[in-house]
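Residue-level listing of the chains:
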Amino acid sequence: MSKFKLELDKKLFYLKNKSAEWVEVDLKPCFPQTFADQYYSLQDDKGEEIELIERIEKSDFLDELDIEILNEYINFKKFTFVIIGIYSIAEDFGLRNFKVKTVQGDRSFQTGLDVWPRVINNGAILIDDLYGEQYWIHDLEFGQDELNALV
Amino acid sequence: MKTEYFEKYLQQKEKLPSFYYEKIEEKVLFYAFSDFDHDFQSIEKWIVVTATRLYVFENKLENSYFIDDLKVREGKGHGINNLTLLSESKEVLEVIWYGQRQNIVFAQLKYLLEEKNINFSKSADEIYQEGLLKPLLKKQASTEVDKNKVVWRLLSYLGPYKGDVIIGSIGAVLATLTSLVPAYLSGKIIDDIIQPFQDGNLDSKEAMSIGFVLVATLGITYFLREIFIWLRLKKMSVMGEMVARDLRRDLFNHIQKLDMDFFANNHTGSIISRISSDTDRIWDFVAFGVVEVSIAILSLVTLSAMLIGLDFKLGLLMTIPVPVILYAIYLHGEKMKKIFLRCWRKWSDVTAVLSDAIPGMQVVKSFNQEEREMKRFAKRNQAAIDVFVEVHDSWTKFWPILFFFVHVIMVSVWAFAIPRLVATPDSSVYISAGTFVSFLLYMTMFLQPIEVIGQMARMLNRATSSAYRIFEILDTKPSMDTKSSVDKIKLNGKIDFADVIFSYDGVRNVLKGINFNIEKGEMIGLVGPSGSGKSTITKLLNRFYDISSGSIKLDGIDIKNLDVGFMRRQIAVVHQDPYLFHGTILDNIRYGNENADLSEVIKACKIANSHEFIMGFKDAYDTTVGERGQTLSGGERQRISIARAILNNPRILILDEATSAVDTETERKIQDALDKLIEGRTVIAIAHRLSTLRKANRIFVVKAGNIEEVGTHKELMEMNGEYRKLQDMQTEMFNLMHGDVEDPKLITKVIEGVKDE
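In order, the protein sequence lines correspond to chains A and B. Numbering-wise, this note's numbering puts 16 at position 16 of the first sequence, and it's gapless, one number per residue. Remember, this note's numbering sits 1000 above the position in the second sequence when you count from 1.
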């Protein structure tokens, strides 16, 4: 039996100290943008760290079932849009309007004019929109020229 | 307008489709849009709330729940969130997934379901649309989204200088017209004097006399032309500076009226660059742009007319390619726009290093990282230069190619003209040498307006983008409604907070229904962990922000009805790290009371225990404190700020961690100064060190946006709650620091306690 359980709404619970009570916990990546698969902090609902996990797959703290549950949880937590094509990037009054193709389908989003795509150390590009949504670019099927104008 | 935003930017429906209204018999009070399913794929799901029920519609199928039976919990991911509907027994009924852009609306839905509060003053459409458009509208503060409108608005700043504009424009038009004369006269001299004289049709005396008249006319024309050009340059350039000055003044004045919200959402560097660089970038456009373009177009038209008038066929050969040339200039401008965008981006990388490294120079040096910073700067500087080189590559290629094309046309004109020049005068194709010289001179003049139009396209792009940035600030309205804030009441100092709820971002409530009353002259201590809402309470009292709901009253009057400036002058705040302006100590002390008597200044400083150290400086009260008062120690800055507060004679005094950043001796001096300052005033003191609140009449313990405990020190200690916990922890910490504790378990306990706090 796993010491973790994941509910329908992706709430993660942990059987702390083998007590009978499940405690709601969060698994937070320490470096969500730069080294997303390394170092996770398992925290209780008060933000207290229960365990620092270096790599989920190699942790002595976790068994196979735990890893499966935590990976499903991480998939939810770290979900961001991945851009695979850029239709257009147009400057509008006070903002920049992106029309893109993402893995989830076509989407448009906006950034401020002084907010630029960030090149992360692994070479990927990250764009934060006005609403706090994040868009990653790894490889583009089309629209490279549009992107080059900004990066 | 709203429809456009939803279609163009959000690509989701602007309101709940009518189908759902027909389906629900009750009045719709609220609705939200869920844009994702549990597999993170895009869907369309509507959550509709009426007075009694909550409906969830997906593909026109519905689930409905009684609101009173529902509990909710939310889950936050990086890109996707969820709101889970639970039964009374906490059984999961439904999980609703949504992206970040639905956040504000879902936060309201959560609040509504938690508090069972469905009394909204706005319609369901308004709540939904405002929630979704808020971040967009915040960015697009201006109503001017049309480039032409921006240009016209910019030009409206010429209004006060109508006279100069008219004189300058007349000068420009006359200079253009007089420029046409020399070419015409040159042809006349050849055809009417030189040619007839060489042919023997004109004697020397007559040739000389006509020649002198024409040469004199030529001289007068050039003289007049330079006068007109001087008039144009003088009037227009000065006027450009005036307009830039007016814009800078309007911007700065407007910024003074904006709320703290504006400053929290805009970088200082960005605001400064709008007032300085952006206003500077538009002056040349205002000064010369419009007139130059108008004159260039006028020149092209008149020159085309002159060329066609002189010789129809050659004139057409010269003028027909003009639209092609102008189109090429336009295309080049579009290409340059993209490169300029990249320049801007790279340049902002360069300035980011500057704004990072220069204020942090002490850290750079203490970690011996000068080399690293030099490399970082060099890398970005080089990246910027690479793009600038691209700019120069582009225009240096374009213009020679364009002019080569123009010169090809000129050569073609020569090629067509030569057979006609050597034809006999009675031939139908004959063209006189004089006419052709005039033609050639006009042809040469043809290049200049084309060049001007090319330059102006770039100037226009620069100016409009700067104008957008300027108008964006000028059009930002203060988010607080101060129309009814007119009462200028001299305050006694009674404070009432009733059911105050407040959120900075419109989503997370920092204060969750605060209630308290403070009597005139009472001293209140606010204690609690960082982020609990203590400082927020004092900011709301100053009306730096408007509350989300509830009321704040001073002497029984809602602060929304009080004149904000008049009210704030009666409330003084002494911060942990006080801000001093670049200037003398005297200027800083008299900041809130410019006309204070010198004796009052000294008296205030004596009360604030600052007179002694001020007199230790060579220039005493005239000592310049440097930017942010950096030449003074923290304790000295603090005591000057206390003197400033004393001089202002406030009715309400807010001490925000006033003594937490200084050593014990300085703290004693500051505390002594504060003790004198608080006499006879209503005081709210925020402190982590509970010992500094020994004089407080009552202490409020604030935790997570609520007031958890209220009482005197003694009462709170007897309550054995949060305050007692804090007090015990600090006592233990004190003992620990003074070596009175040897038990390692106690040390661990204290450290854990500090972490909790």
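No lab work stands behind these hints, which were simulated from the structure alone. Treat the hints with caution; some may be incorrect.
[As the list claims (entries may be wrong)] Simulated crosslink set (BS3-like; lysine-lysine; CA at most 30 Å straight-line):
| id | chain 1 | residue 1 | chain 2 | residue 2 |
| --- | --- | --- | --- | --- |
| 1 | B | Lys1490 | A | Lys28 |
| 2 | B | Lys1338 | A | Lys99 |
| 3 | A | Lys46 | A | Lys99 |
| 4 | A | Lys99 | B | Lys1045 |
| 5 | A | Lys5 | B | Lys1110 |
| 6 | A | Lys5 | B | Lys1338 |
| 7 | B | Lys1337 | A | Lys99 |
| 8 | B | Lys1002 | B | Lys1013 |
| 9 | B | Lys1015 | A | Lys99 |
| 10 | B | Lys1027 | A | Lys16 |
| 11 | B | Lys1346 | A | Lys10 |
| 12 | A | Lys99 | B | Lys1149 |
| 13 | B | Lys1071 | A | Lys10 |
| 14 | B | Lys1149 | B | Lys1134 |
| 15 | B | Lys1338 | A | Lys101 |
| 16 | B | Lys1045 | A | Lys16 |
| 17 | B | Lys1015 | B | Lys1071 |
| 18 | B | Lys1045 | B | Lys1008 |
| 19 | B | Lys1703 | A | Lys99 |
| 20 | A | Lys46 | B | Lys1071 |
| 21 | B | Lys1060 | B | Lys1134 |
| 22 | B | Lys1134 | A | Lys101 |
| 23 | B | Lys1539 | A | Lys46 |
| 24 | B | Lys1234 | B | Lys1205 |
| 25 | B | Lys1560 | B | Lys1703 |
| 26 | B | Lys1110 | B | Lys1090 |
| 27 | A | Lys46 | B | Lys1060 |
| 28 | A | Lys99 | B | Lys1346 |
| 29 | A | Lys46 | B | Lys1090 |
| 30 | B | Lys1045 | A | Lys5 |
| 31 | B | Lys1490 | B | Lys1477 |
| 32 | A | Lys99 | B | Lys1138 |
| 33 | B | Lys1027 | B | Lys1149 |
| 34 | B | Lys1076 | A | Lys46 |
| 35 | B | Lys1512 | A | Lys10 |
| 36 | B | Lys1138 | A | Lys101 |
[What the hints assert, rightly or not] Residues from chain B that face chain A, not an exhaustive set, calculated with beta carbons under 10 Å:
| id | residue |
| --- | --- |
| 37 | Gly1077 |
| 38 | Thr1084 |
| 39 | Ser1087 |
| 40 | Ser1089 |
Using N, Cα and C, we set each Cβ at its ideal position, and we do this for glycine too.
Evaluation of the provided hints:
no. : hint                   : in the structure
1   : B:Lys1490 to A:Lys28   : 52 Å, violated
2   : B:Lys1338 to A:Lys99   : 17 Å, holds
3   : A:Lys46 to A:Lys99     : 40 Å, violated
4   : A:Lys99 to B:Lys1045   : 23 Å, holds
5   : A:Lys5 to B:Lys1110    : 25 Å, holds
6   : A:Lys5 to B:Lys1338    : 51 Å, violated
7   : B:Lys1337 to A:Lys99   : 19 Å, holds
8   : B:Lys1002 to B:Lys1013 : 11 Å, holds
9   : B:Lys1015 to A:Lys99   : 22 Å, holds
10  : B:Lys1027 to A:Lys16   : 47 Å, violated
11  : B:Lys1346 to A:Lys10   : 41 Å, violated
12  : A:Lys99 to B:Lys1149   : 26 Å, holds
13  : B:Lys1071 to A:Lys10   : 17 Å, holds
14  : B:Lys1149 to B:Lys1134 : 24 Å, holds
15  : B:Lys1338 to A:Lys101  : 22 Å, holds
16  : B:Lys1045 to A:Lys16   : 37 Å, violated
17  : B:Lys1015 to B:Lys1071 : 26 Å, holds
18  : B:Lys1045 to B:Lys1008 : 20 Å, holds
19  : B:Lys1703 to A:Lys99   : 44 Å, violated
20  : A:Lys46 to B:Lys1071   : 21 Å, holds
21  : B:Lys1060 to B:Lys1134 : 28 Å, holds
22  : B:Lys1134 to A:Lys101  : 25 Å, holds
23  : B:Lys1539 to A:Lys46   : 27 Å, holds
24  : B:Lys1234 to B:Lys1205 : 43 Å, violated
25  : B:Lys1560 to B:Lys1703 : 26 Å, holds
26  : B:Lys1110 to B:Lys1090 : 16 Å, holds
27  : A:Lys46 to B:Lys1060   : 40 Å, violated
28  : A:Lys99 to B:Lys1346   : 23 Å, holds
29  : A:Lys46 to B:Lys1090   : 21 Å, holds
30  : B:Lys1045 to A:Lys5    : 28 Å, holds
31  : B:Lys1490 to B:Lys1477 : 28 Å, holds
32  : A:Lys99 to B:Lys1138   : 21 Å, holds
33  : B:Lys1027 to B:Lys1149 : 42 Å, violated
34  : B:Lys1076 to A:Lys46   : 15 Å, holds
35  : B:Lys1512 to A:Lys10   : 27 Å, holds
36  : B:Lys1138 to A:Lys101  : 26 Å, holds
37  : Gly1077                : 5 Å, holds
38  : Thr1084                : 4 Å, holds
39  : Ser1087                : 13 Å, violated
40  : Ser1089                : 14 Å, violated
When each numbered hint is compared with the structure, violations occur for hints 1, 3, 6, 10, 11, 16, 19, 24, 27, 33, 39 and 40.
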